[in-house]
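S.K.: Residue numbers (UniProt numbering), protein chains in the order written: chain A, 1 to 555; chain B, 1 to 348.
A couple of the hints might just be wrong.
DSSO-like mimics (lysine-lysine), calculated; alpha carbons at most 27 Å apart, straight line [stated by the list, open to error]:
hint, chain 1, residue 1, chain 2, residue 2
1, A, LYS20, A, LYS433
2, A, LYS342, A, LYS415
3, A, LYS243, A, LYS333
4, B, LYS32, A, LYS415
5, A, LYS243, B, LYS134
6, A, LYS342, A, LYS243
Keep in mind the hints are simulated off the structure, nothing from the lab.
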Amino acid sequence: MTNKTLTGAPLHSAVGIYVKDANAGKLSRREFMARTTALGVTSAAAYGLLGLTQPAAAAGHAQQGGTMRMQMEVRALKDPRAFDWTQMAYVTAGWLEYLVEYNSDGSFEPMLLSGWEVNDDATTYTLSIRQGVTWNNGDAFTAEDVARVITDWCDSEAEGNSMAGRMSALVDADTGKAIEGGIEVVDASTVRLNLPLSDITLIAGMSDYPAAVYHSSIDRENPANTPVGTGPYMIESNEVGVKAVLVRNEGFEWWGYAEGKGAYLDRIEYIDYGTDPSAWVAAAAADEVDMTFETVGDFVNVFETIGYERSEVPSGATIVIRPNQAAEVNGIKPYADVRVRKAIAMAVNNEVCLELGYANQGIVARNQHVGPMHPEYADVAGTPFDPEGALALLTEAGMQDFEMEISSIDDDWRKNTTDAVAAQLRDAGFNVKRTIIPGSTFWNDWTDYPFSSTNWNHRPLGTQVLGLAYRTGEAWNEFAFSNAEFDALLDEANAIADADARREVMVKIQQILVDEAVTILPYWRTIYRHAKPGFVGWEMHIAYLPQIYKIGIAA
Amino acid sequence: MGLFILRRLGVMILTAICLTFIVFWLTNLFPKLEVLAKTQGNFRMSDEAVVSYLDNRGYMQALPVKYGQWLGVVPGYVIEGSDGEVRAKCERNAAPTEDTPTFCGVIQGDWGFSTVAKEDVANVLPTRLGNTGKLMFWVLVVMVPGALIIGVLAGMREGSRTDRSLSTVSIIATATPEYVSGVILIALFATPLFGMQYFKGTATSAMDDITFGNFFLPVMTIAIYGMGYIARMTRASMTEVMTAQYVRTARLKGVSFPNIVMKHALRNALIAPFTVIMLQVPWLLNGVVIVETLFNYKGFGWELVRAASNNDIEMLLGVSVISVIVVLMTQLISDIGYVFLNPRIRIS
């Protein structure tokens, strides 16, 4: 190991503190990895700083060739910036790659970038473009391509573009486009991002599944029509709802082969068995698939009984069952009163939600939307479980006779968890009505239901979801939560590269979420995948990212 | 006869127009368009983005105009969107070129574009119809002879032990819906639970390659349900014929029992089941929804469900047109078939 950082630059000033904290037991390994690698430290060096050697990649024991069939919904493709299902990225991951890769151990690895440097107050990012990468149509991959894609990400006018939220520091609030001079091509292999304010979430945002790097010739309605990318595979067929097939792009020299990155399989098939898990079991029993995309609930055990191997990872994926503070019901705004919200939180025991809603497959959370898997998580006490006190508080607010209507989608775990919340509120003496809305219409007004549940996926940093969902006026703010102090603290937290210093701010932020009783967030889900024995590199990813090049057949 | 068929064709076109207009109107209600925009754009899209999405793609035009465009009697839209891109209906929402036709509707042979499958309806539907066709073929092969044999055997001697046991079986079969029998069959024969894992509990692989293992259960699930019904009809018709004057005369003259059944009773007894069998064909087309979903076999019924739940307007219209054609065609065939089975009926 000669270089400790990706670019060969000196270690970021905060790294030393992390090492000290990690050795003192104040930082978990995943937190340490996420923090240091986001600052440009190589993951091998990060392990080295802890006095560990990097775990050997299991993929080292894979053989070249073979076919893998995965049970997965095959959805219609669209503009990668607007991807709203990871399944779409699993198909495009064959030829579209990412600048940065986020791993389940919390580390960020460079992919199409060869490295990055962040200045001390996280306002300047210097991205080094990997050399020797070509598009599969023969064009060279240059800094111009990276600048073009980042500019596209910043276009908040584009319908459904969720990357604009991740790049918000670079977006001009007036024009809705990238700020002047924000994205600067320094030379053929360097792009510099000049941020008007500090933002530590940028590298993490680049690793998310809608952040695929595409060629300028992309067909935004259906990227499969013009599959120009830098990845090792080519799409053979893409029949929506039925099957999608990726095959090795013969005659194209993928940059990853030289790096020993894998792409072991010759052929990857995604076969759609609908949304009913019992159909997946039938497919596995009939030997029509080799692995599942994700296994949920009771089916985790069912797959084991037919001899499948299990992979699990505790993640930040979760559910929120929340009252909407701005919602009007019969002329009053029942949830604008903090006492009502507090009463709801006090009446619900999160452990019961985990047990009944998700078969105990996860860890209990504290209604704060930041968890122990996040680097800056602070140990702030949650709302105490006190059903009698809850009813007293509700009576004090004069709302004991108010009928609360709790809505949810009609699937398995989200429905069950919401049922568990409703039942506990009834037990505490609340007047509760429960409504179940079919999946085809649920998302029409998901932010407007007075009281409903929504699932959220894992994000690498704790402040990311908070910015996306709890900041005043954000499109995804389903809580109608608006708190000037919270917004200011969030900006402050995003400016602090040092996660320990950030944790001091997080204490206040998390305390606000508890005091204001913004939501019930009962548990963090452990997520599962099952595969037939004989495959390597197929493990479930903490954020469902499509790292299909790692999958292979065991040698 | 010619006039009769012509009149039937006229009715068919009129029905198709009425039905598609109703489907069109329902799928173009604003909440349904919102579903469409959100499935195509982004599930968590804002209300303004929904409107601009719909506006840019011509969904906000007046209903009769849109229907006319689909039919091909009104020129397809060319709209310059709020994002600066020009989208033309006849170019599948891409910028128009010199070759872009003015009209692109069903009359011009353009069935439109499926927003879910991202493909022309005319490319997708034949594949789905083909899949359902294969399923229907094997169901009919198993169901019709089976049902007729059971019905005739039961109806030959009313009240005998054979009659009672066969009738019981067919009543049970009819009374068990597919979503019950299908699940029972899968549990029994496709899981390791009972040690009888002879078949596959999914028919997904049958779309490429039909084998006994992957097609037996879906075929049986539908066939069992339909079989009981047809068998009951055949039995009723058979018992009636067996008590008819001419059969009694034949028996008194000493004609052997098998000869009476085969040569005298059968043809008359088949008139009623024939209608039922023809009615089963359109039922199969749409009624296979459950079985196709249960066994993940991507056919016509599955496509109908998918189009409906995603508000895939042009696909739904295509499905409706084909359904109308199939229903009325089978009616036509059964009307003509009557003439051959019963020469006393004349169609003029």
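S.K.: Next step is simple, just say for each hint if it's right about the structure.
M.R.: A quick look at each hint next to the structure:
no.	hint	result
1	LYS20/A x LYS433/A	violated (52 Å)
2	LYS342/A x LYS415/A	holds (23 Å)
3	LYS243/A x LYS333/A	violated (47 Å)
4	LYS32/B x LYS415/A	holds (24 Å)
5	LYS243/A x LYS134/B	holds (19 Å)
6	LYS342/A x LYS243/A	violated (48 Å)
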